[in-house]
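Here the protein sequences line up with chains A and B, keeping their order.
Residue 236, in our numbering, is where the first sequence stops; the numbers in between run on with no holes.
Residue 1898, in our numbering, is where the second sequence stops; the numbers in between run on with no holes.
Hints may be right or wrong, so weigh each one.
Claimed, not checked - Below are the DSS-like pairs computed for lysine-lysine, each with C-alpha atoms no more than 25 Å apart in a straight line:
no.	chain 1	residue 1	chain 2	residue 2
1	A	K201	B	K1702
2	A	K201	B	K1512
3	B	K1702	B	K1814
4	B	K1625	B	K1512
FYI, nobody ran anything at the bench for these hints, they're computed from the structure.
The chain contents come next:
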Amino acid sequence: MTTVVPDLRWHDVCDLARLLPERGAAALVDGRQVAIFRTHDGGLHAVDNIDPISGAAVLSRGIVGDRGGVPTVASPVYKESFSLLDGRCLDADGVSVTVYAVRITDGRVQIGIP
Amino acid sequence: MNRQLVVIGNGMVGHRLVQALRERDTRREWHVTVLGEETRPAYDRVALSSYVDGTTADELTLPELGVQLHLGDPAVAIDRAARRVRTASGRTLSYDALVLATGSVPFVPPVPGRDLPGCFVYRTLDDLDAITAAAEAAVARPGPGRRSAVVVGGGLLGLEAARALRRLGLSPQVVEIAPRLMPVQVDEGGGALLRRLVESSDLAVRCGVSVTAVAPDRGRLTATLSDGVELDADLVVFSAGIRPADALARAAGLALGERGGVLVDNRCRTSDEDVWAIGEVAALEGRTYGLVAPGYAMAEVVADRLLGGQATMTPAELDMSTQLKMLGVDVASFGDAQAATPGALEVVVDDPVAGTYSKLVVSGPARSDSGELVDGARTLLGGVLVGDASRFASLRPLVGSPLPADPAAMIAPGGVELGADALPDSAQICSCNAVTKGAITSAIAGGAHDVPALKACTRAGTSCGSCVPLLKKVLATEGVEVSKALCEHFGQSRAELFEVVAGTGIRTFSELVDRFGRGRGCDICKPAIASILASLGTGHVHDGEQAALQDTNDHFLANLQRNGTYSVVPRLPGGEVSPAQLITIGEVARDFGLYTKITGGQRIDMFGARVEQLPAIWRRLVDAGFESGHAYGKALRTVKSCVGTTWCRYGVQDSVGLAVALELRYRGLRAPHKFKSGVSGCARECAEARSKDFGIIATEQGWNLYVGGNGGFTPRHAELLASDLDTEQLVTIIDRFLMFYIRTADRLQRTASWIESLEGGLEHLRAVVVEDSLGICADLEAAMEKHVGSYADEWRGVLEDEEKLARFVSFVNAPDTPDATIEVVRERGQPVPLPAPGVRQPTELRLRRPCAVIGAGAPITAHDPAGADR
Ligand SMILES: Cc1cc2nc3c(=O)[nH]c(=O)nc-3n(C[C@H](O)[C@H](O)[C@H](O)COP(=O)(O)OP(=O)(O)OC[C@H]3O[C@@H](n4cnc5c(N)ncnc54)[C@H](O)[C@@H]3O)c2cc1C
Ligand code: SF4
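Let the hints inform the model, and build the full structure from the sequences given.
Encoded structure:
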């Protein structure tokens, strides 16, 4: 199987210390709103900040947890959960959010945009 | 073609018939017209007595069924040949089928004076209104002396009536002609205990005598008894039995039973093929039934027959069990309580010290033709329980089945407790609605996995509710764990987790989930645990790990709205606000471009604040002396008040002062759900306190406390918990009530459904928080003192802490850039979010008639399109 990995442009966002464990933060990256999460085990995840169900830019303010071990964020508007791994909505078929690449360089959080 | 069904009588059974027919007659074969003599729509007569406790007529009303209903217009004649009914107002209705459901009329013994003013019967809401008015007049009458009432008849209804009279402030005397109370249901042994229990609840009882005359006596009444004793009374209530309301049928020439009632066969058909009779008016194979369950069974049979079914009645299986409601005295009787079956044996456990009497009636040993013992005194025939009727629900369904254990062991204190698996499938679990265990187990198999689901699909438990504990047991034996697990991360209920947190001293989510749960939590358990920690007073809700548990409202201390902005509500204790405060709020809203609206809880809500604006808004508010109103939290919202003695001509207590004090006492208290309160300065109830979780209404003597009220999805009036309290007593009981709720309720359970879910309901709650039956009141009070002593304003806490403030940014990398998705338009002069596509359009009134708009302001558009129906 071949996976096509597009070239990513990395955007510097903030110090890692600005991300509270199990809480999200919104960032403005290249004109898009991205929600960045730091899970309990130190993992970093980034998805679109706009909740596709309510249309409000609020996913970064949802509660972070897990469903059957899959890290999730629950939209604060109507409470659907989204997988932080692949962006799939776990409570509504056919709904998902974009997932972004995220990395730490020199203690700084960076988001990769294709 | 539509056939015409006319139902005479809009009582419980007539209503049930129409309901059953409406459900099953999907092709609308029948057009239904109902005639009611009473002016109110059908209501729950079984619960009639709760009317004096404050249950309203609306709450007692049975669901509307969408059929043609003529109230206050009784049928006066039936022309069977022409198949027509004539009503008092002169209406004539043709029928293809006619159902008589006229119920009963109270029997008033023919004693002289029985029609005097001050004499009443006890059957309808109108009767209760009249009795209440007379009792109030008696209580208000000047002059010394007891206000008293005589109740003629010591049966089930008489005792209910006596309790109602006591509740209305009178001293009732019950006169019963038989040698004991409730002679139909209770045997001699049980009767003696019953009398003691009744007398100890402040009702005087005279058995073995009758009332022979009633006479006026200086504005009051005197009732003379057969032993010559004279009782003076302000009121006399007759509840000496009932007679079937069969006059109409008699005049129409229908066959009647020997002792009255319209004679029907086992299909509920009268002597006329087109006429049916059901409920208390029907004499089923000659016998009438004065209870609702047999009536419901008849209604079901007739509904089935009208649609071509073959249902029949089996009189032997009719449930005749009864339970005395609401006297605080447990009495239940079921089956052959008097051991009338030949050869029946009685097993009695009589414990005068404990105040309990239990009797089971079982079949005698039966031998087969060859002399073998085939039934070793084991088939349950009936029973009587006095003083403690807790086993009623599990014993009643066993009538007609072999007992699973020795009869004595089943009623002995600490004896065998029956599980639901002991019941055969044919056992009736819900006798009001004739639902068998078999029907329930198949509903469970069909996916009804909790009590509400079972109620919805089988109707079990929807009438008197006494079978609900048994429904739970059946769910359990069917392997449906009524799961109390909070979510996939915790197998415990909220109440259990509260105990765990309180007992272990664990103060972080991580430790709790590591030791008592699994995974990393979710949007269900995290806020629930945040709330538990907050109720236990663990500092600011954003301290340490707690910050990550809060949902967005608690995280930003404001209410999230649909476009991602927040609304801001400063606390206005008791709804009191000064002009200077109003100006501050106005200036803040103006300067930040916020939309303002007055809330139902007497405060001012400012909408449209973006995350990054919240600290600046609150800095202005806090500087002006405001603090968080917790409109965002599962916490105390408001204590609404009327102006009471401060301004009102009618006020009897200082309702504003109390409301302010209560709001300040309980502000910031986190609970399983939001909770609200209200205080009214007199019985006129302008603060709508009874729609609140705890509501207080002033009386001449002090305060009445009501609990469990609710607006919202399922509106419910709060019920009286304690009356005429002084302010200190009041606050103590509220302290206990709230802490008990916080400790034991489920996640997101409002007080109303919490009280309903308590085994024993309001009575149990009263025992715990008023009488301290569990001995936990000191503990509850101490917990509340701790809350009161440690309260601090959450917004001030944020403003004083740089780290907490740092979270209030729109973007971590562009802290002051507003979220560009938030778009605002103006509506009626204020900023509002852009309408969501296809969801919300501004409402415009379109009136079909010309309308003059009086006065200035935004005009209401008046349309009068040509050809509009006028
Ligand atoms: C205080 C009280 C407590 C009770 N407690 C219990 C209990 O705990 N358990 C229990 O099983 N039962 C109890 N009952 C009895 C129960 O309420 C009745 O069995 C039940 O209401 C019978 O229903 P029904 O429709 O036959 O009669 P009803 O409910 O009396 O309805 C008959 C209706 O027909 C109307 N009517 C009469 N004549 C005409 C006419 N010519 N035209 C039009 N309308 C007419 C009447 O006004 C009445 O509204 C209690 C009754 C009372 C009063
Ligand atoms: S409830 Fe009574 S005291 Fe309060 S405003 Fe109304 S009438 Fe006045």
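Comparing the hints with the structure gives:
1. A C-alpha spacing of about 18 Å is found between A/K201 and B/K1702, which places the hinted pair at or below 25 Å, so the restraint holds.
2. For the suggested pair A/K201 and B/K1512, the alpha carbons sit about 21 Å apart, so the restraint of at most 25 Å is met.
3. The straight-line distance between the Cα atoms of B/K1702 and B/K1814 is roughly 20 Å, inside the 25 Å bound, and the hint therefore holds.
4. This hinted pair does not check out: B/K1625 and B/K1512 have alpha carbons roughly 40 Å apart, beyond 25 Å.
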